[in-house]
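2 protein chains.
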Amino acid sequence: MEYYYDLLSQPSRALFIILKLSKIPFEAKEIALATGVHLTEEYKRTANRFGKVPCIVDNGFQLSESIAILRYLAHQKKIAADLYPSDCKIRARVDEYLEWQHENVRMGCAMYFRKKVIEPMFLKSQPDENEIQKWFYLMEKSLDIVENQWLLNTKFIAGDKVTAADIFAACEIEQTTMAGYDPCKNRPKLKIWLKAVRENADFPYNEAHKQVYQWAARMGGTLEL
Amino acid sequence: MEYYYDLLSQPSRALFIILKLSKIPFEAKEIALATGVHLTEEYKRTANRFGKVPCIVDNGFQLSESIAILRYLAHQKKIAADLYPSDCKIRARVDEYLEWQHENVRMGCAMYFRKKVIEPMFLKSQPDENEIQKWFYLMEKSLDIVENQWLLNTKFIAGDKVTAADIFAACEIEQTTMAGYDPCKNRPKLKIWLKAVRENADFPYNEAHKQVYQWAARMGGTLEL
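As you go down the protein sequences, you meet chains A and B in turn. Going by the working numbering, the final residue of the first sequence carries number 229, and the count climbs one at a time with no gaps. Going by the working numbering, the final residue of the second sequence carries number 229, and the count climbs one at a time with no gaps.
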């Protein structure tokens, strides 16, 4: 199986960590999004017709969308059982988070980072303060829902163990530190949770976040957990 | 199992059709979003903590997010086999579409409808032409990807049979007709596909879309398929 990813992409990191924790072997195809190689016709033909990361090519079968890839591998019983539990209700809670995340944590954190950092850096444009504020609001609201709903009664999102939901969530939330933002400020549960996710996912998590931590340090966003 | 839904909500319709086609019995809890009942504390406590539709309460187990509900029921082998096939690759293609849809077909079509029709109607505000244009662009781009990618080589999204992916997609796309828009114009494959989805999903599809068709007729958006 070939795995195409850029560790500066949140879902690329999440899937990278999950593949490593599940001990699924893969041929690493690191793609630097900044070079635009993912937009070439060759990439679209041989890897992902939508021109995005992450994606896999499994014996010729091309599949994109990180959560679809998670499920494809789980279907084949390759994902570590704890990360995507077979218990019907726990798995449903993991799925519920992963579906909820798209228009909430993912969109808020990713768009805030993009408008605040990426577009001014790469497009050399003035930051659009209206756009930044709009996504800042969604980011804050989504993180508050993680604090007050998803972590209301449980140590992790779907219970007392780390699952894929926590890893996907943490990778989105870590992204904000590259904009110098502190997602844990005034969110004590989220802070304890993020530390626990980092510890549980251990080496692969650190490997995946190496560039993020360096970038965050330059932006004054290093988290003290 | 209690099913909370509003047939003017796209994922509510999709799940309604899938439940009916799969012959899954449910206690119908119709929620009129226009009344705001889904935002009450009682609804959040007894049905869905996020205050949205659709959701289920299955013997006390509360679950939201339409796609998570689909998977929860499929996990228990309750969903009709054709709609969410057990073949690993076909299911992966269904999942890939359902994940892709969030920020594409769903967001484009839903936000266009909201900015064009709902907000001027309910907030009595002037239509915001910039916002309408922005979502119109995403809607058109997403529908073009359905035409040129998802339906490139296959009759339906994941092969030669209707699956949950087609039903979710069709329910999002039908919504645009309530804004007087014709999603099939200049998209011949999409037109043939939408007609085939309607025919395959038959009675439940018509039942679910009764209000949509009436509304579309008032807006001049009735589709001639």
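Where hints are given, some of them may not hold.
It does not matter which identical chain is meant; a pair holds if it fits inside one copy or across any two.
Said to hold, decoys possible - With a Cα cut of at most 30 Å, we get these calculated DSS-like pairs of lysine-lysine:
id	residue 1	residue 2
1	Lys33	Lys193
2	Lys93	Lys82
3	Lys93	Lys33
4	Lys48	Lys165
5	Lys33	Lys195
6	Lys165	Lys82
7	Lys128	Lys138
8	Lys128	Lys199
9	Lys27	Lys93
10	Lys128	Lys145
11	Lys93	Lys48
12	Lys138	Lys48
13	Lys159	Lys33
14	Lys48	Lys189
15	Lys189	Lys165
16	Lys193	Lys128
17	Lys82	Lys138
18	Lys145	Lys33
19	Lys165	Lys81
20	Lys27	Lys189
21	Lys145	Lys48
22	Lys145	Lys27
23	Lys193	Lys48
24	Lys189	Lys199
25	Lys93	Lys81
26	Lys81	Lys189
27	Lys128	Lys165
28	Lys159	Lys27
29	Lys93	Lys24
Calculated from the structure, these hints are not laboratory results.
Now the hints, each set against the structure:
{"no.": "1", "hint": "Lys33 <-> Lys193", "result": "neither (36 Å within a copy, 34 Å between copies)"}
{"no.": "2", "hint": "Lys93 <-> Lys82", "result": "both (20 Å within a copy, 15 Å between copies)"}
{"no.": "3", "hint": "Lys93 <-> Lys33", "result": "between (35 Å within a copy, 22 Å between copies)"}
{"no.": "4", "hint": "Lys48 <-> Lys165", "result": "between (37 Å within a copy, 26 Å between copies)"}
{"no.": "5", "hint": "Lys33 <-> Lys195", "result": "neither (33 Å within a copy, 38 Å between copies)"}
{"no.": "6", "hint": "Lys165 <-> Lys82", "result": "both (18 Å within a copy, 28 Å between copies)"}
{"no.": "7", "hint": "Lys128 <-> Lys138", "result": "both (20 Å within a copy, 22 Å between copies)"}
{"no.": "8", "hint": "Lys128 <-> Lys199", "result": "neither (35 Å within a copy, 47 Å between copies)"}
{"no.": "9", "hint": "Lys27 <-> Lys93", "result": "both (25 Å within a copy, 21 Å between copies)"}
{"no.": "10", "hint": "Lys128 <-> Lys145", "result": "both (29 Å within a copy, 26 Å between copies)"}
{"no.": "11", "hint": "Lys93 <-> Lys48", "result": "between (37 Å within a copy, 19 Å between copies)"}
{"no.": "12", "hint": "Lys138 <-> Lys48", "result": "between (32 Å within a copy, 26 Å between copies)"}
{"no.": "13", "hint": "Lys159 <-> Lys33", "result": "neither (34 Å within a copy, 32 Å between copies)"}
{"no.": "14", "hint": "Lys48 <-> Lys189", "result": "between (41 Å within a copy, 27 Å between copies)"}
{"no.": "15", "hint": "Lys189 <-> Lys165", "result": "within (24 Å within a copy, 50 Å between copies)"}
{"no.": "16", "hint": "Lys193 <-> Lys128", "result": "neither (37 Å within a copy, 40 Å between copies)"}
{"no.": "17", "hint": "Lys82 <-> Lys138", "result": "neither (40 Å within a copy, 41 Å between copies)"}
{"no.": "18", "hint": "Lys145 <-> Lys33", "result": "between (35 Å within a copy, 28 Å between copies)"}
{"no.": "19", "hint": "Lys165 <-> Lys81", "result": "both (19 Å within a copy, 26 Å between copies)"}
{"no.": "20", "hint": "Lys27 <-> Lys189", "result": "neither (34 Å within a copy, 48 Å between copies)"}
{"no.": "21", "hint": "Lys145 <-> Lys48", "result": "between (35 Å within a copy, 17 Å between copies)"}
{"no.": "22", "hint": "Lys145 <-> Lys27", "result": "neither (35 Å within a copy, 38 Å between copies)"}
{"no.": "23", "hint": "Lys193 <-> Lys48", "result": "between (41 Å within a copy, 22 Å between copies)"}
{"no.": "24", "hint": "Lys189 <-> Lys199", "result": "within (13 Å within a copy, 52 Å between copies)"}
{"no.": "25", "hint": "Lys93 <-> Lys81", "result": "both (18 Å within a copy, 14 Å between copies)"}
{"no.": "26", "hint": "Lys81 <-> Lys189", "result": "neither (38 Å within a copy, 43 Å between copies)"}
{"no.": "27", "hint": "Lys128 <-> Lys165", "result": "neither (43 Å within a copy, 48 Å between copies)"}
{"no.": "28", "hint": "Lys159 <-> Lys27", "result": "within (25 Å within a copy, 37 Å between copies)"}
{"no.": "29", "hint": "Lys93 <-> Lys24", "result": "both (25 Å within a copy, 22 Å between copies)"}
Checked against the numbered hints given earlier, this structure breaks hints 1, 5, 8, 13, 16, 17, 20, 22, 26 and 27; the rest are met.
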